[in-house]
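S.K.: Chains as they are written, first to last, in the UniProt record's numbering: chain A, 1 to 159; chain W, 1 to 611; chain S, 1 to 229.
Just so you know, the hints here were simulated from the structure itself, not pulled from any lab data. Computed from a prediction, not measured in an experiment: that's the story for all the values here. The beta-carbon is built from N, C-alpha and C at its ideal position, and this holds for glycine as well. Don't take every hint at face value.
[To be verified] Per the computed footprint, the stretches of chain W lying under chain A, defined by three or more beta-carbons under 8 Å from a beta-carbon of chain A, are:
no.	stretch
1	31-37
2	69-81
3	206-219
4	293-303
5	373-386
6	447-461
7	589-598
This is what each chain is made of:
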Amino acid sequence: MTEVAVAEASMVVEESIERQGEFLIAVLQDIQEHYNYLPEAALQEVAARLDIPLRDVYGVATFYRSFSLAPKGEHIVTVCLGTACHVRGGARIVEALARELEIEAGETTPDLEFTLETVNCLGCCAIGPIVVVDGEYHGEMTAQGAVNLVRKIQKAERV
Amino acid sequence: MANLRSINDLERLRKEIVKDRDPDRAVISISSATCGQARGSLDIVQAFEEAIGGHEDRISLRVTGCHGFCNAEPNVIIYPGEIFYQHLKPDDASRVVESVLKEEIVDNLVVSENGDRFVHLCEIPFYRSQVRAIMGDNPLIDPTRIDDYIAVGGYRMLGKIFEMEPEEVVEEIKRSGLRGRGGAGFSTGKKWEVTRQQPGPVKYIICNADEGDPGAYMDRSILESNPHSVIEGMILGAYAIGANEGWIYVRNEYPLAVKHIMLALEQAEGLGLLGESILGSGFSFDIKVARGAGAFVCGEETALIYSIEGLRGTPRQRPPFPAQRGLFGRPTNINNVETWANVPEILEKGADWFSGIGTKTSKGTKIFSLVGKIANTGLVEVPMGITLREVIFDVGGGAPGGKSVKAVQTGGPSGGCIPAELFGLPVDYESLTEAGSIMGSGGMIVMDENTCMVDVARYFTHFLQDESCGKCVTCREGTQRMYEILTDIVEGRGSEEDLDLLEQLGETVKDTSLCGLGQTAANPVLSTIEYFRDEYMAHIRDKKCPAGVCKALIQYTIDEEACTGCVLCKKNCPQEAILGEPKKLHTIIQEKCIKCGICHDLCKYDAVIIS
Amino acid sequence: MSRITIDGIEIDAPEGWTVLETARFLGLEIPTLCYVEGLSPWGGCRLCTVEIGQGERTKLVTACTYPVEEGLVVRTATKRVVEARKLILELLIAQCPTSKRLQDLAAQMGVQEVRFKPKWENCIYCGLCVRMCEEQMMAKALGFVDRGNKLRISTPFDKSSEECRRCGGCMYICPACTLRCEGAQPEEVLCGRCESSTQPTCLEVHDNYACWMGLTGDCGTCVKEGAEK
Chain A
1 MTEVAVAEAS MVVEESIERQ GEFLIAVLQD IQEHYNYLPE AALQEVAARL DIPLRDVYGV
61 ATFYRSFSLA PKGEHIVTVC LGTACHVRGG ARIVEALARE LEIEAGETTP DLEFTLETVN
121 CLGCCAIGPI VVVDGEYHGE MTAQGAVNLV RKIQKAERV
Chain W
1 MANLRSINDL ERLRKEIVKD RDPDRAVISI SSATCGQARG SLDIVQAFEE AIGGHEDRIS
61 LRVTGCHGFC NAEPNVIIYP GEIFYQHLKP DDASRVVESV LKEEIVDNLV VSENGDRFVH
121 LCEIPFYRSQ VRAIMGDNPL IDPTRIDDYI AVGGYRMLGK IFEMEPEEVV EEIKRSGLRG
181 RGGAGFSTGK KWEVTRQQPG PVKYIICNAD EGDPGAYMDR SILESNPHSV IEGMILGAYA
241 IGANEGWIYV RNEYPLAVKH IMLALEQAEG LGLLGESILG SGFSFDIKVA RGAGAFVCGE
301 ETALIYSIEG LRGTPRQRPP FPAQRGLFGR PTNINNVETW ANVPEILEKG ADWFSGIGTK
361 TSKGTKIFSL VGKIANTGLV EVPMGITLRE VIFDVGGGAP GGKSVKAVQT GGPSGGCIPA
421 ELFGLPVDYE SLTEAGSIMG SGGMIVMDEN TCMVDVARYF THFLQDESCG KCVTCREGTQ
481 RMYEILTDIV EGRGSEEDLD LLEQLGETVK DTSLCGLGQT AANPVLSTIE YFRDEYMAHI
541 RDKKCPAGVC KALIQYTIDE EACTGCVLCK KNCPQEAILG EPKKLHTIIQ EKCIKCGICH
601 DLCKYDAVII S
Chain S
1 MSRITIDGIE IDAPEGWTVL ETARFLGLEI PTLCYVEGLS PWGGCRLCTV EIGQGERTKL
61 VTACTYPVEE GLVVRTATKR VVEARKLILE LLIAQCPTSK RLQDLAAQMG VQEVRFKPKW
121 ENCIYCGLCV RMCEEQMMAK ALGFVDRGNK LRISTPFDKS SEECRRCGGC MYICPACTLR
181 CEGAQPEEVL CGRCESSTQP TCLEVHDNYA CWMGLTGDCG TCVKEGAEK
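Chain A with its partners taken away, still in its complex shape (with noise of 0.2 Å):
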């Protein structure tokens, strides 16, 4: 786990705090989108500067699915696996780009470059199953399709 410096932590929250007030889940949203994940450094100084017990800050930060504590990739693929999507074979996909990508669901490459992730629902299931990429929704995949999406990343890394 990368450490993030005391200071810089001390900041974004500070920061954040004034945007967002004494709400913690907004507040910790901020910084997961500052830094895409929640550094240990920043929890400590949203209990101290809110003055909620650490165990509090942890305990949210680790029950809400859009928090992650170690950092992500730099690219996201999501996988629906609502209804609809599982219906339409959103499981196989997944299993799929878990075999290309060779982490499991929830896991990110140890080279920092792709997470994927598993949502329940984006609420698009007319075209299911869904495929994100890095905020981009495809729609109707299928296995082979989904990766070949992340092949084309990587090839485009490569160049």
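Following the hints, position chains W and S against chain A.
M.R.: Showing chains W and S alone in chain A's frame:
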């Protein structure tokens, strides 16, 4: 923009907006909510902008939210006349613009079914049986422009209710028979009344936009397409209840909805429709937004409140109900997005109009998301009491590819699977509950012969064991144990005793869990056992998956007749489990095959068979 | 005061009392696990489930968290309640078979079988330690982490906590590790021998008591009449 100080100011503004609009000018309305954008609507918008260039006096473009017919995305509706074109490509833009100028129809973009062509929206089978009281305005509104909402009569009800006593507003909603559109279906009016009657000057209202049911997305669509209707509903409710602060708790997985609602709030505040003494009435009301952080259980009221307060989303014992002790310990009224969006409609057209639609106990219209193995996927708004058959076949067009529909799953993870034999059931709260499912927020996932019901039950328990907050033993351990047993069954290790245990466990989880999540967690399992016991038995006794889904019980083989030796499957097999020379029959080495199904997906000749 | 009926007995219960408090006041036995007097009720283990309401509209609620309200009718041991409690205990024991507290409860309640695969976990997530740490020790060092099937109880970042004063309150209150059976693992998940009439496992297997507390049976908790030292 001007700060509106009275209802007359608002009416004046409305007149100005409408006056500036040339009724003779055609409008091309492009469906561009999240689904549309995922299908390339933004490119279509750009193409139209270019194509219209030079004809701005005769045609204007409106980028709107969702038109409901997701399967036809990207689509446009052309006014006047409501001409509907589907599956547009950027290249089509210039032809469509030309046709509008010449007042012609572009034939190959028109919806056609079984050889019949449907030019106008009202003729299309998908739209024909719908009553679009909530969704109907979507094509008329650019959700990023408050002007569009005001032009169709938006915020008019503020003027009406500020002349009424709050109790009268509550009474009107009670009389309409509106029930919560998010889950249990509690009477909205009664809920308002209880909150109103609580002592103390500080009360809150909350819009629950944490639409977590997988397969349901009407709330996303409303927020993306017509955010002001929700804001207006909330203002009306706040006045009736006596709340001066409201919250919208919205899923963070819906970035466009978050963006549109934030923008809408800013615009409403800018006009003085939110804030101090709205329209000079003396009534003040503000709305704040809290973004969810990814927890299905936060759809439950007490968990949602904890989440806004910055705590873990663990539900608590009710009573006390949120109406008695809610957000920050104050009386709080929570309704979901669709419920709030119904409020302006009811106050405008009257309780009698609303209660005239639907059945004895379920009034008004309800939006359903028709998804899964269905030809016309999309959001459909129909009167309560319509039969499942009408929704699935008349509106939805049945399963695609001539397959037979086996069941429909309603109510998300809290709901159950209703078999095709019961499609004569009217869609209302009581009938669905009686059939072992629930109305829920309105997801309808259609399943055909290639859907394995045991796999579906297992899917939901997998979902729930992760989404359970983990507080109650029965929900936390119960969902895990149900998943464990179902996994045994789909992998061919199940026994008949397992089925009895599943039923007993399911009943206990239902009976003894604290919140709605746990109390309904067994529904997908219990309903599939009730209606599809033979499928369970096929897995247990014959070690077969009739739908060809459960990996451990199926085999991929190549049909000698159909295989052309195109090598596509061989090239893409991740396990190198396929042997064969070009133009010769290929074979799958079963020992190597991991049943990923890629060969089956890729084969253009349907030569890969599942047995 | 709210007039309520428990198992046919009418009583005026003071405002703010729970069903459990009222039942215990009357001397009615309701099994509990995650409830301990002096800590706020949590309602996680569901063992104190009782049936409320009359006629067809009855439902199960946990006695420890349900507040008394005027006209409430409670039944503490209907068939529905007893069967639910047994299954709950089955779930708990399968999770943590080494807990003497659970084995004793199972013996008392006549649980005959455990049909789920044993997990041999060390925690049942009842949260007693969390509440003890917060409410009695004022430390707030322990808390719930994650959720659902990944729920855990731990200190922040799983590191030793600065708030923790090593008071041992968490261990003292824990129903899973206090008096944990250190005897040989029984053949079956369901043991219950300490509470039932047969000898404790540790007595059968060892010459002396293998009590983790080092009390060699002096505490008497696991000693039944007739057992030999």
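S.K.: Can you tell me if the stretch 206-219 of chain W counts as covered by chain A, using C-beta to C-beta distances under 8 Å and a minimum of three residues?
M.R.: holds (count 7)
S.K.: The stretch 373-386 of chain W covered by chain A? Criterion: 3 or more residues, Cβ-Cβ distance below 8 Å.
M.R.: holds (count 3)
S.K.: Under 8 Å between beta-carbons, do enough residues of the stretch 293-303 of chain W, three at least, approach chain A for the coverage claim to hold?
M.R.: Contact hint for the stretch 293-303 of chain W vs chain A: holds, 4 residues under 8 Å.
S.K.: Check whether three or more residues of the stretch 69-81 of chain W sit with their beta carbon closer than 8 Å to a beta carbon of chain A.
M.R.: With 3 residues in contact (Cβ-Cβ under 8 Å with chain A), the coverage given for the stretch 69-81 of chain W holds.
S.K.: Closer than 8 Å, Cβ to Cβ, for at least three residues: run that test on the stretch 447-461 of chain W against chain A and report holds or violated.
M.R.: As far as the stretch 447-461 of chain W goes, the hint holds, because 5 residues have Cβ atoms under 8 Å from chain A.
S.K.: Can you confirm whether chain A covers the stretch 31-37 of chain W, using C-beta to C-beta distances below 8 Å and requiring at least three such residues?
M.R.: holds (count 3)
S.K.: In terms of beta carbon proximity below 8 Å, does the stretch 589-598 of chain W have 3 or more residues touching chain A?
M.R.: holds (count 3)
Checked against the numbered hints given earlier, the structure satisfies every one of them.
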